[in-house]
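2 protein chains.
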Amino acid sequence: METVQRTIFFVSDGTGITAEALGHSLLSQFEGMTLREVRMPFIDTPEKIDACVQRIAEARAADGVRPVVVTTLVQREMAQRLRASDALVLDFFDSFIAPLEGEFGRSASHSVGRARGGASSKDYQARVAAIDFSVTHDDGVSQHGLELADIILVGVSRSGKTPTSLYLALQFGLKAANYPLIPEDFERNALPPALLPHKAKLHGLSINPERLSRIREQRRPGSKYAALANCRAEVEAAEAMMRAHGIPWLDASSKSIEEIAATLVQTLSRIAIP
Amino acid sequence: METVQRTIFFVSDGTGITAEALGHSLLSQFEGMTLREVRMPFIDTPEKIDACVQRIAEARAADGVRPVVVTTLVQREMAQRLRASDALVLDFFDSFIAPLEGEFGRSASHSVGRARGGASSKDYQARVAAIDFSVTHDDGVSQHGLELADIILVGVSRSGKTPTSLYLALQFGLKAANYPLIPEDFERNALPPALLPHKAKLHGLSINPERLSRIREQRRPGSKYAALANCRAEVEAAEAMMRAHGIPWLDASSKSIEEIAATLVQTLSRIAIP
Chain A
1 METVQRTIFF VSDGTGITAE ALGHSLLSQF EGMTLREVRM PFIDTPEKID
51 ACVQRIAEAR AADGVRPVVV TTLVQREMAQ RLRASDALVL DFFDSFIAPL
101 EGEFGRSASH SVGRARGGAS SKDYQARVAA IDFSVTHDDG VSQHGLELAD
151 IILVGVSRSG KTPTSLYLAL QFGLKAANYP LIPEDFERNA LPPALLPHKA
201 KLHGLSINPE RLSRIREQRR PGSKYAALAN CRAEVEAAEA MMRAHGIPWL
251 DASSKSIEEI AATLVQTLSR IAIP
Chain B
1001 METVQRTIFF VSDGTGITAE ALGHSLLSQF EGMTLREVRM PFIDTPEKID
1051 ACVQRIAEAR AADGVRPVVV TTLVQREMAQ RLRASDALVL DFFDSFIAPL
1101 EGEFGRSASH SVGRARGGAS SKDYQARVAA IDFSVTHDDG VSQHGLELAD
1151 IILVGVSRSG KTPTSLYLAL QFGLKAANYP LIPEDFERNA LPPALLPHKA
1201 KLHGLSINPE RLSRIREQRR PGSKYAALAN CRAEVEAAEA MMRAHGIPWL
1251 DASSKSIEEI AATLVQTLSR IAIP
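The listed protein sequences correspond, in order, to chains A and B. Each residue of the first sequence is one higher than the one before, counting from 1 in the numbering used here. Each residue of the second sequence is one higher than the one before, counting from 1001 in the numbering used here.
Derived from the structure by calculation, the hints contain no laboratory data. The reader is advised that the hints may include incorrect statements.
[What the hints assert, rightly or not] Only pairs whose alpha carbons sit at most 25 Å apart, straight line, appear in this in silico SDA-like list of lysine to any residue:
| hint | chain 1 | residue 1 | chain 2 | residue 2 |
| --- | --- | --- | --- | --- |
| 1 | B | K1201 | B | R1083 |
| 2 | A | K48 | B | F1042 |
| 3 | B | K1048 | B | V1038 |
| 4 | A | K48 | B | T1263 |
| 5 | A | K48 | B | K1199 |
| 6 | B | K1201 | A | R39 |
| 7 | B | K1199 | B | D1123 |
| 8 | A | K201 | B | V1038 |
| 9 | A | K48 | B | V1265 |
| 10 | A | K201 | A | V128 |
| 11 | A | K48 | B | F1172 |
| 12 | B | K1048 | A | D132 |
| 13 | B | K1201 | A | V38 |
| 14 | A | K224 | B | V1265 |
| 15 | A | K48 | B | S1028 |
| 16 | B | K1048 | A | W249 |
| 17 | A | K48 | B | S1254 |
| 18 | A | K48 | B | D1132 |
| 19 | A | K201 | B | L1268 |
| 20 | A | K48 | B | L1250 |
| 21 | B | K1201 | A | K224 |
| 22 | B | K1048 | A | R39 |
| 23 | B | K1201 | A | S253 |
| 24 | A | K48 | B | D1251 |
| 25 | A | K201 | B | D1132 |
| 26 | B | K1224 | A | S254 |
| 27 | A | K48 | B | S1253 |
| 28 | B | K1048 | A | F172 |
| 29 | A | K48 | B | L1268 |
| 30 | A | K48 | B | P1248 |
| 31 | B | K1048 | A | L268 |
| 32 | A | K201 | B | R1039 |
| 33 | B | K1224 | A | A233 |
| 34 | B | K1224 | A | L268 |
| 35 | B | K1048 | A | K224 |
| 36 | B | K1048 | A | E239 |
| 37 | A | K48 | A | V38 |
| 38 | B | K1048 | A | P248 |
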């Protein structure tokens, strides 16, 4: 199959993160494409939209094929200028706001969106508090205040606890602590004492030992810590301990940070909603 | 204006984070609505889609008006079952995949998307490394390895450095350190010595003193730390110091974490791309 060279623009009057996420998820459906991505956030004045239209025209001329423009521009006259470009313009608001207006029987405000509040909103304060909590309760550093955690992740070193905790805090506003299971715990055959009062909040992450060994090798090449036999023994002991204590766990080996976090949130809400 | 009560479903075969982000950004265009949100991630089997269709029918009956369903389901037959519901179904793939197929002259794979790689991908490893870096270089805790930072945020205590650093790491894979500017620095009228070799990487966050005082009051009520006069003096001194050293800074007062991070990334790419 012939390789297609295309430039993809993500154009937004906000951060562009939504446009980009959606664009990636659409484009991941097409394989064997060579794509050049151009992120254009904060396009919120006529001057900026003109500069944007100009860059699209330049890409059209350079590539010899028209670019794809993924846009979440809220203001209609800005979006119209964009749509006059020689490009395939995928306009999320144009496609979905009209049906929603009909459904709700009222007009959209068409003001530049703030899907997420600024520093004064409650949502912001809760997320900042969750992030602070997760940073200070990373890797078992502080046991003080563990009773305030929404969730405590456990697992062997490098099983993905830190990124998952922080994503839970940033995306979902959850106070997520994490605590390592280490060889000393396996020798004693007991959970870390600090965790015993909080067993109901524990969720485990496990990982394929081969993958764990590769990850640890990057950190400490040639060490016992990274050796495959040691990784196998640690993972096996950790899973046995989680099983013995009735701690639910999931295998993080082939999952992205987002997938692990969303799976945990789903589990938590299943517990919370009777 | 009469209040409309609606149930909104976010249905996805993945984490549902994209569906939700886009849904929120669409719905933020309509004010005065009472919305009940139901997140349905990982809908990837016929049984799960049937359960989902059932819940939509129940909401239809309970609300007396049809629900809105925002979906990013990739598999067409799953999406078709959903569209048979008595609901307004906003289907992102249906609306955008067909035009892309025409444009690219090839068919979409319609396999369940992975917009972001799993634990084995390079993207994942880079993000985990960035997150580890940002956690260990939070709040000036470690000065070791600061030369590896992509960016070092500076600002007074509670100006938003920690959440911004972690978001930069998680979302953009950037090694983002942060370092506080404290009263001792202002008395000496000099940047913290650890930062001097890295001046080109410094970016400042500033904040409205009234807002800062309110945030600090929550942390240490009635303290000198939180007093408005002290917050004013610290913010003024920090801005004067950043100005004197040519450190670019932005006012984080009315911005969300995502907006601050996206603005910084745009600044960095402007520097990197000549």
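How the hints compare with the structure:
no.	hint	in the structure
1	K1201(B) x R1083(B)	violated, 50 Å
2	K48(A) x F1042(B)	violated, 39 Å
3	K1048(B) x V1038(B)	holds, 15 Å
4	K48(A) x T1263(B)	holds, 15 Å
5	K48(A) x K1199(B)	violated, 30 Å
6	K1201(B) x R39(A)	holds, 22 Å
7	K1199(B) x D1123(B)	violated, 28 Å
8	K201(A) x V1038(B)	holds, 23 Å
9	K48(A) x V1265(B)	holds, 17 Å
10	K201(A) x V128(A)	holds, 21 Å
11	K48(A) x F1172(B)	holds, 23 Å
12	K1048(B) x D132(A)	violated, 36 Å
13	K1201(B) x V38(A)	holds, 23 Å
14	K224(A) x V1265(B)	violated, 39 Å
15	K48(A) x S1028(B)	holds, 24 Å
16	K1048(B) x W249(A)	holds, 22 Å
17	K48(A) x S1254(B)	holds, 22 Å
18	K48(A) x D1132(B)	violated, 36 Å
19	K201(A) x L1268(B)	violated, 40 Å
20	K48(A) x L1250(B)	holds, 20 Å
21	K1201(B) x K224(A)	violated, 37 Å
22	K1048(B) x R39(A)	violated, 36 Å
23	K1201(B) x S253(A)	violated, 34 Å
24	K48(A) x D1251(B)	holds, 21 Å
25	K201(A) x D1132(B)	holds, 24 Å
26	K1224(B) x S254(A)	violated, 50 Å
27	K48(A) x S1253(B)	holds, 24 Å
28	K1048(B) x F172(A)	holds, 23 Å
29	K48(A) x L1268(B)	holds, 18 Å
30	K48(A) x P1248(B)	holds, 21 Å
31	K1048(B) x L268(A)	holds, 18 Å
32	K201(A) x R1039(B)	holds, 22 Å
33	K1224(B) x A233(A)	violated, 53 Å
34	K1224(B) x L268(A)	violated, 40 Å
35	K1048(B) x K224(A)	violated, 44 Å
36	K1048(B) x E239(A)	violated, 28 Å
37	K48(A) x V38(A)	holds, 15 Å
38	K1048(B) x P248(A)	holds, 21 Å
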